[in-house]
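Student: Chains as they are written, first to last, in the working numbering: chain A, 1 to 433; chain B, 1 to 433.
Read the hints as simulated data drawn from the structure, not as lab findings. Be aware that a few hints might be false.
What the hints assert, rightly or not - Not everything, but these chain A residues come out facing chain B in the computed CB check (under 7 Å):
1) G149
2) A155
3) F298
4) G299
5) D301
6) T302
7) R307
8) D312
9) L323
10) L385
Heads up, the beta-carbon is just placed ideally off N, CA and C, and yes, glycines get one too.
There are 2 protein chains.
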Amino acid sequence: MATLSRQTEQPRLAAHSTCKIALTGFGTVGTSVARLLYARSGHPLRLTHVCNREVARKKVDWVSSDVTWTEDIEEVLASDVDVVVELLGGLKPAHDWVRRALQSHKSVVTANKQLIAHFGSELLELARNHGLYLGFGGCVAGGVPLLAGLHDGLAGDRLVKIRGILNGTCNYVLTRMEQGGRSFAEALREAQQAGLAEADPTEDVDGLDARAKLVIVARFGLNVDVRPEQVVCRSIRNVKAVDFVYAHELGCTIRQVSTAKLCEERIYVVVEPTIVSRSSPLAGVSGAENLIVSTGDFGGDTIFAGRGAGGDPTAVAVVSDLLQVARCRSHGLDWPDRLPARSCEVTEDLELPRYVRFVVRDRVGIIATVASIFARHQVNLDAVLQKPGYAKSELPFVITLEPCKRSQLEAALSHLEGADFLAETPFTMSILQ
Amino acid sequence: MATLSRQTEQPRLAAHSTCKIALTGFGTVGTSVARLLYARSGHPLRLTHVCNREVARKKVDWVSSDVTWTEDIEEVLASDVDVVVELLGGLKPAHDWVRRALQSHKSVVTANKQLIAHFGSELLELARNHGLYLGFGGCVAGGVPLLAGLHDGLAGDRLVKIRGILNGTCNYVLTRMEQGGRSFAEALREAQQAGLAEADPTEDVDGLDARAKLVIVARFGLNVDVRPEQVVCRSIRNVKAVDFVYAHELGCTIRQVSTAKLCEERIYVVVEPTIVSRSSPLAGVSGAENLIVSTGDFGGDTIFAGRGAGGDPTAVAVVSDLLQVARCRSHGLDWPDRLPARSCEVTEDLELPRYVRFVVRDRVGIIATVASIFARHQVNLDAVLQKPGYAKSELPFVITLEPCKRSQLEAALSHLEGADFLAETPFTMSILQ
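Here chain A stands alone, though its shape is the one from the complex:
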């Protein structure tokens, strides 16, 4: 048996020349990054600055005493730090700070998905022009090494589709609705109590968080530039407990699914609540986990899954990026560049099977009326589902449709608008194939 070396505590980091790190933003993720750096030894990363508003109340006693605590980004930019870690979130002042950091010849590592979704191309160009590194592995799927996998590990494939559960809050809410029979409002409150949803949950439940991640994934997996506002987002707010009853009847469940798919010369980029077969890997994702399936022409489906959010998993991604910077520095090289992306037209007009939930004031002939309107729009019914036990005055029933375009579906539903039997606007979801 070989003898045991003395490196047991710290096997995974190579010794390189020191790389000086400034953390801007010392909240949950920033604290985790610092803890991770101090929990390990033998690596080349040295924390030298922490920059935060009201920094006095942020000070902790477990970081080295020679760390500079400051509220002033100018002090960071004027210092000799090698890498600025941006963990402020949002666009202001993050965009300005990151730009100025690069202009001050500092590499940048960020976990700010909105920043990269909106300004990634500009900032990468700036980094490249200055021979600097811009790392953003923490922007998508927390600790799951998705971007490294897509960009490096699957570089040899021709990826055509990336689909997944990119927002842990929505997944938590939907699984609570499913398992606990909660309403959306109740499940959301539970998520807020568990620290998994903000007081204003808009970013998460309306799809804006997943949208930013999908833009980044489309850029680095499919090499297509999509602007965030081009991504179709549908909220999970309109999902009701009864939808899970009907989804189960179909052998399915409901997930917030983000999809970026190349369709010849166009790209389909949508974030929406979706009917998902129970046999799909997406259905198996519980709580706040993330799961992403990439599909390539050669390698087929590849799955990445894990903890998509939280301080420690995101800190793992940030520190992995920092090690990459250190590795590049030690070789004195031009940083590996990212590929230029192409733009392409965004489409939502795929033919997909659909789920439509009606809530009606029951009377004779409703299904006949609805069916005839769908028929007039060349939309074929797949099944009509009606569970017993609901009040006649607010009776939910579901129609599933054979694959049709969204434009067809909307045209048919617009014909139903104002029909006296409708107690609510019909709610639709795609059915994942």
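Given chain A, put chain B in place with the hints provided.
Tutor: The following block gives chain B in isolation, referenced to the frame of chain A:
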């Protein structure tokens, strides 16, 4: 809407200086690599040599006419190729050829897991000393970017365990036994007919293939050097259809599971058929797929899954490595080195719950006898399972045990050796927690 650029066919490869490629071995994977290179344009990789025994019968008309077809490795080594792709398999002559390629200042990309498991450290050292790149992403899990994920994307974490289904053939055989009620021999024959098992299936079913992959995974995920012969391998040959009956009774199934786990100063490295809860992601892996779960102190569990074998997925990994070589070359840099590994003592003495299947000639008092022997070895019984409908002369029953060390289990079973009621040697499996 942004206009569509002309790069639709080939978005994922950057233009760099040409990188000349020699393929040694033009079987399934080699052909797929060549097809992948020709299916795409705009990348810097150019096939210049194909080297294979009896090369005349290998020639295809769809590669460029200026490709040199040869049976002579010397011709490749004397040429100006930048990278030798080694797809021969086995240790001879692959080891010698790869060493000589590096000594001839050619980078190497290989999908040869046995070569890397046995000689990876030596060859990486040689590559590093010559400032060359040695890529081997195709050695483990085919197209799944596991090694890139472990080595780069999770570099910031401290990984403590890597567990997975690394051999698609075993998984196919076991899922056929489960779903089709086949015997091991029948399921193996089906795998052979489907082209998923060799005429001599030893490498796969006895765990030698998974063992080589586990050695590589331990090296690049946990940073520990393990020699292949140190890995405990147990064959799936002894799994019977009746074991699935009892596994189902336990809410479980059976998978060939490979585990590398750090236990303080030691490492547990085992490949064996294992009882796996149906709720585990490992249970959801069907057919010839691979799935790996890495566990880190900070990021928790991360899952990688996909097509673990076959020409095209393995070719994706090979071409991804080739692109990495091209990217490094274009920057004129020292190749990124791999971290030095440490050695540590190998152990199998974890306390695990166990499954023991007995086949007995039934008579009064057998369970009492068995239970008393387990008690004498401080092993607690968890449950005794006996399904009706079997012949008294060859009656299978199962005892599950509370966590105990393998040494305890073996000591107890050795006390039963030669007992007149045993119709067969008891068969044991760990129960995955």
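Student: If a hint holds in the structure, say so; if it does not, say that too.
Tutor: Now the hints, each set against the structure:
no.: 1; hint: G149; result: holds, 4 Å
no.: 2; hint: A155; result: holds, 4 Å
no.: 3; hint: F298; result: holds, 4 Å
no.: 4; hint: G299; result: holds, 3 Å
no.: 5; hint: D301; result: holds, 6 Å
no.: 6; hint: T302; result: holds, 4 Å
no.: 7; hint: R307; result: holds, 5 Å
no.: 8; hint: D312; result: holds, 4 Å
no.: 9; hint: L323; result: holds, 5 Å
no.: 10; hint: L385; result: violated, 27 Å
Going through the hint list in order, the structure does not satisfy hint 10, though it satisfies all others.
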